[in-house]
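**Q** Please model the entire structure based on the sequences and the hints provided.
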Amino acid sequence: MLLIYCPYCEEERSELEFRGAGDAHIARPENIADITDEEFEEYFFLRQNPKGLIFERWRHIHGCGRFFNAARDTVSDRFYTTYKAGEPKPDISDILQSEQNKGAAK
Amino acid sequence: MADQVTASRKAALTARGGSAEAILTPAPAATRISLRAGADALPALSAALGVTLPTRPKTSASSGQRHALWIGPDEWLVFDEGEADLMAAAASSGTLHSAVDISHRNVAVIVSGPGVDVAINSGCPQDLSLPIFPVGACSRTIFGKAEIILFRTAEDQFRVECWRSFSPFVFGLLSEGAADAGH
Ligand SMILES: [Zn+2]
Numbered sequence: 001m002l003l004i005y006c007p008y009c010e011e012e013r014s015e016l017e018f019r020g021a022g023d024a025h026i027a028r029p030e031n032i033a034d035i036t037d038e039e040f041e042e043y044f045f046l047r048q049n050p051k052g053l054i055f056e057r058w059r060h061i062h063g064c065g066r067f068f069n070a071a072r073d074t075v076s077d078r079f080y081t082t083y084k085a086g087e088p089k090p091d092i093s094d095i096l097q098s099e100q101n102k103g104a105a106k
Numbered sequence: 001m002a003d004q005v006t007a008s009r010k011a012a013l014t015a016r017g018g019s020a021e022a023i024l025t026p027a028p029a030a031t032r033i034s035l036r037a038g039a040d041a042l043p044a045l046s047a048a049l050g051v052t053l054p055t056r057p058k059t060s061a062s063s064g065q066r067h068a069l070w071i072g073p074d075e076w077l078v079f080d081e082g083e084a085d086l087m088a089a090a091a092s093s094g095t096l097h098s099a100v101d102i103s104h105r106n107v108a109v110i111v112s113g114p115g116v117d118v119a120i121n122s123g124c125p126q127d128l129s130l131p132i133f134p135v136g137a138c139s140r141t142i143f144g145k146a147e148i149i150l151f152r153t154a155e156d157q158f159r160v161e162c163w164r165s166f167s168p169f170v171f172g173l174l175s176e177g178a179a180d181a182g183h
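Protein sequence lines correspond, in order, to chains E and R.
For the first sequence, position 70 matches number 70 in the working numbering, and the numbering has no gaps at all.
For the second sequence, position 40 matches number 40 in the working numbering, and the numbering has no gaps at all.
Derived by calculation from the structure, the hints in this document are not laboratory data.
From a predicted model like this one, the values you see are computed outputs, not experimental measurements.
Idealized CB from N, CA, C, for every residue including glycine.
Everything hinted at is true.
Listing some non-contacts, in silico: residues in chain R with all C-beta distances to chain E over 10 Å: (1) GLN65; (2) SER122; (3) GLY172; (4) ALA179.
No more than 20 Å apart at the CA atoms, straight line, and that leaves these computed lysine to aspartate or glutamate pairs for EDC-like: (5) E:LYS102 / E:ASP91; (6) R:LYS145 / E:GLU15; (7) E:LYS84 / E:GLU15; (8) E:LYS84 / E:ASP73; (9) E:LYS84 / R:ASP74; (10) E:LYS84 / R:GLU75; (11) E:LYS89 / E:ASP23; (12) E:LYS102 / E:ASP77; (13) E:LYS84 / E:GLU56.
**A** Below, the structure written as structure tokens:
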């Protein structure tokens, strides 16, 4: 069972309390009525589905109820970090570097 | 002429159950509100409700028969075992908030005995050891298929709140867990 750190409950909780909610940091166009169908498709439907690091929204649905963001590895399912909604996207190289340091320390 | 019919309320749970290790008792009727409010409304709401709304995760505050449980950063479960009118109390705060009367949406089961943690952990993934989940701690979580709110009222006692229609399931799974706690 995965343990996920909720930045609002400030605690690791079982994955059973959470629900995934798709990619994070997708900005809704401010001129949504003016954009073309292709631009809307790009914003609304098209995702990268990367192998490896991904930034996602998660919701602590059976806990505090809050949405937050997470950096997760789609291959290993490892959560690198979680952070509150509205906080800036963490630097990828910082995350991977700290992971390498942790690995080297072992 | 038809006789006047008087309706009487039927409790969702009536029988006691469990085992010697974990006794299950349906909690008496209580009034409850689901309260949502911003940080600046808390002093007025706390004064009106007569209990200080906690702001730390997983904590609660109690004053007599009245209890306020932290559910989320702007959400509380407030209940009163004496059935006081919590809606009127919240409204008297005069500050912006949302209060929904959920007195009859929820029912509660009191689980007590040396095997409470084993009984609840039969369907709940939370760490219920005393350093992590001390007396007074509370949390919305999952119990089997049902969402519950856990509130530790003593080292060997929890109040388990669930939605009324889930209560036969919750009571049944707690009974299974209580039986297992003896082994
Ligand atoms: Zn949470």
